[in-house]
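There are 2 protein chains.
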Amino acid sequence: MQRYFVEPENITDSYVLVTGEDVKHMTKVMRMETGSHIICLDNQGKQVLCQISEMTQNEVQADILETLDNYNELPVSVAVAQSLIKGDKLDLVIQKGTEFGAAAFYLFAADRSVVKWDGKKVQKKVDRLKKIAKEAAEQSGRLYIPSIYYVPSWKEVLQQTKNYSTSVLFYEEDAKTQSHGGLKDVLQSSPESIMAVIGPEGGVSEKEVNDLKREGIKNISLGPRILRSESASLYFLACLSYQFELLR
Amino acid sequence: MQRYFVEPENITDSYVLVTGEDVKHMTKVMRMETGSHIICLDNQGKQVLCQISEMTQNEVQADILETLDNYNELPVSVAVAQSLIKGDKLDLVIQKGTEFGAAAFYLFAADRSVVKWDGKKVQKKVDRLKKIAKEAAEQSGRLYIPSIYYVPSWKEVLQQTKNYSTSVLFYEEDAKTQSHGGLKDVLQSSPESIMAVIGPEGGVSEKEVNDLKREGIKNISLGPRILRSESASLYFLACLSYQFELLR
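Residue numbers (this note's numbering), protein chains in the order written: chain D, 4 to 251; chain P, 4 to 251.
The hints are simulated quantities; they were obtained by calculation from the structure and are not laboratory data.
As the structure is a computational prediction, the values presented were derived from the model and not from experiment.
Possibly wrong hints are sitting among the right ones.
It does not matter which identical chain is meant; a pair holds if it fits inside one copy or across any two.
Listed next, the in silico EDC-like pairs over lysine to aspartate or glutamate satisfying Cα-Cα at most 20 Å (straight line) [said to hold, decoys possible]:
1. K89 with D130
2. K137 with E204
3. K92 with E138
4. K31 with E141
The following block holds chain D by itself, in its conformation from the complex:
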């Protein structure tokens, strides 16, 4: 069934109001009619099954039939601190990372990021990625849309790691060593929250590795094969889901 995130104030006790682009999606793409069922979410944990009662060009009203209580969020809050990489690859990280359960993305220009974001365009770029995250959250049945932040300085990235009980750096060089136990150790330590720092195509710089080390953040390996920057978070999130959702 089709799912839509709406503004919290648009969900009352008895009905939901859908506005904006979702109306077009409901009418033009899905060809819904009065009587069609949808699921609406407020991105604050509320999830209701509804039946459309009124449709205009700009607004859809739907009666609430039932409050749903299926919970499918990862049991650990995971943030991906992703270095800026080329546009379509960043889209992939956001879309698939949302499907795989990430709670937040912090985007930053790493020393070796070929892509840099012009200050004036940051808001537009973040808004575009937020839309991708919203759609992926709706499609994959998430209760929450991941947050997306642009972090303008490396110092602030380091600062952000302190908001997570564990932070790790995935370092390509580690794929070449024989020691791949780091991720298991981190996940089996049952962290409350994790931030994963991921370098750009050319990898993180020595300075960045050392800065993270000084904050007590370990390099860990994502297995014996060398993963592209845009693949690292997906591999990591899938392992995390397997450990916490499937192995239990």
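Chain D is already provided as a structure; the job is to place chain P on it using the hints.
Showing chain P alone in chain D's frame:
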């Protein structure tokens, strides 16, 4: 270091001959010169460190310095039987699936595949995907390029599953149930080889589910969130790598 798969007959005891498009990549893209180091592989398990000794427009000759023996293939042979999906999504499955360690891909038109392949174009399409797999195998440090097959009939897909000690179907509906232990049970049974059957955007048909059931192939869940068709194999391969390469 840059890696290139070459024809087995182009690796002698003392030198390697690189021909074809890789020569362009070495000269134009990587701007290599006589004396540059490369790694060459024969896609049969041999891996040699070389130094370029001669370059012409069509051919590069390199002296073998050392035979390498790092092994980074998944300890289980995994095949992905992927329903046809839209072009760029199929490219993603091949590229990322190769990075994540798949040994083979079987492509087939499922009942609900919107995309069908015109018989005349099959070879061209498969060749294009083989090139993506080769590049991803080189980039990720694989010893082998995954095989890619187009399977023209559903009956033959069922037949192929018999070549694997375990086969599973990932069925979207299972994401909605509370039982997510199937993948763990399969992986912890230490299968020798696994084939994963993955439906198209609209999911597998009831007939396909029943046909697989008759062959003793179970539906299993890939966790509580609904994954897109092109994401399923990536999630699965990452879990498999975690179980067999990181948890040991």
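Status of D130 relative to K89 across identical chains (alpha carbons, at most 20 Å) = within (17 Å within a copy, 26 Å between copies)
request  = Give the relationship of K31 and E141 under a CA distance limit of 20 Å: within one copy only, between copies only, both, or neither.
outcome  = within (18 Å within a copy, 44 Å between copies)
ask   = What label fits K92 with E138 when the C-alpha limit is 20 Å: within, between, both, or neither?
value = For K92 and E138, both the intra-copy (17 Å) and inter-copy (17 Å) Cα distances are at most 20 Å.
query = Given a CA cutoff of 20 Å, do K137 and E204 count as a within-copy pair, a between-copy pair, both, or neither?
reply = Intra 26 Å, inter 19 Å, cutoff 20 Å: inter-copy only.
Every hint, counting from the list given before, is met by this structure.
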